[in-house]
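Asks: Protein sequences, first through last, are from chains A and B.
Note that the first sequence covers residues 1 to 113 in the working numbering.
Note that the second sequence covers residues 1 to 112 in the working numbering.
Calculated directly from the structure, the hints in this document are not laboratory data.
Among the hints, erroneous ones may be present.
What the hints assert, rightly or not - Pairs of lysine to aspartate or glutamate residues, derived as DMTMM-like cross-links and limited to a Cα-Cα distance of at most 25 angstroms, are as follows: (1) K56/B - D62/A; (2) K56/B - E1/A; (3) K42/A - D66/B; (4) K57/A - D7/B; (5) K42/A - D7/B.
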Amino acid sequence: EPEVTQTPSHQVTQMGQEVILRCVPISNHLYFYWYRQILGQKVEFLVSFYNNEISEKSEIFDDQFSVERPDGSNFTLKIRSTKLEDSAMYFCASSPQGSDTQYFGPGTRLTVL
Amino acid sequence: SQQGEEDPQALSIQEGENATMNCSYKTSINNLQWYRQNSGRGLVHLILIRSNEREKHSGRLRVTLDTSKKSSSLLITASRAADTASYFCATDATAGANNLFFGTGTRLTVIP
Numbered sequence: 001e002p003e004v005t006q007t008p009s010h011q012v013t014q015m016g017q018e019v020i021l022r023c024v025p026i027s028n029h030l031y032f033y034w035y036r037q038i039l040g041q042k043v044e045f046l047v048s049f050y051n052n053e054i055s056e057k058s059e060i061f062d063d064q065f066s067v068e069r070p071d072g073s074n075f076t077l078k079i080r081s082t083k084l085e086d087s088a089m090y091f092c093a094s095s096p097q098g099s100d101t102q103y104f105g106p107g108t109r110l111t112v113l
Numbered sequence: 001s002q003q004g005e006e007d008p009q010a011l012s013i014q015e016g017e018n019a020t021m022n023c024s025y026k027t028s029i030n031n032l033q034w035y036r037q038n039s040g041r042g043l044v045h046l047i048l049i050r051s052n053e054r055e056k057h058s059g060r061l062r063v064t065l066d067t068s069k070k071s072s073s074l075l076i077t078a079s080r081a082a083d084t085a086s087y088f089c090a091t092d093a094t095a096g097a098n099n100l101f102f103g104t105g106t107r108l109t110v111i112p
């Protein structure tokens with residue numbers, strides 16, 4: 001069964017550094033999302049992406065964040081200058097046209113030191 | 001915030017027993033979904049129930065939705081040790097938005 005994949009599984013970075021988290025959504029899906037989960041807290045929506053542009057974003061998704069679909073398969077989340085509070089699990093999700101079900105990847109654990 | 005809370009926060013039962021988890025939310029929804037998360041892992045979609053549905057079944061899962069009370073319940077029958085995980089409900093907004101709002105989750109432990 002096709003699934004969403006994410007790399008790396010764990011990323012450790014220094015405060016102020018840029019990180020790029022990568023996702024490969026399910027191949028025929030058209031809607032893409034990023035969520036994050038700070039340890040012990042709720043899963044929070046960051047951004048949704050459709051037709052090569054952001055369709056919605058939350059208050060968390062400020063100017064430090066950006067998303068890109070650089071080719072036909074990858075979907076990336078970039079954090080330009082990481083802060084300690086960016087430490088979290090970051091989940092990518094995708095959904096096909098006409099479906100409300102979102103399929104999540106296994107997540108990338110980001111640790112900012 | 002659109003999403004309310006799940007209760008209980010934690011639930012511990014013996015294998016073979018049924019587990020019931022509840023979810024409340026605050027605004028109108030298109031649908032409500034339940035997800036499962038094993039410790040430190042990704043979210044696995046379990047079941048989706050639309051706002052015009054009242055009950056839905058999938059294998060050992062039974063989900064109910066009461067839009068007048070803005071609440072949902074997830075029942076897992078004949079639980080197994082492998083059901084041990086955190087369970088989250090997630091709702092979307094009715095205004096065409098497709099981002100999900102998650103609750104705080106119920107941590108279920110099934111004791112063999």
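Asks: Now tell me if each hint is right for this structure.
Replies: Hints versus structure:
At roughly 38 angstroms between alpha-carbon atoms, K56/B and D62/A are farther apart than 25 angstroms, so this suggested pair is violated. With a C-alpha separation of about 23 angstroms, the suggested pairing of K56/B with E1/A holds against the 25 angstroms cut-off. As the CA atoms of K42/A and D66/B are separated by approximately 23 angstroms, the hinted pair is consistent with the 25 angstroms bound. For the hint pairing K57/A with D7/B, the CA-to-CA distance comes to about 28 angstroms; that exceeds 25 angstroms, so the pair is violated.
For the proposed pair K42/A and D7/B, the alpha carbon gap of about 14 angstroms is at most 25 angstroms, so the pair holds.
Violated hints for the displayed structure, listed by number in ascending order: 1 and 4.
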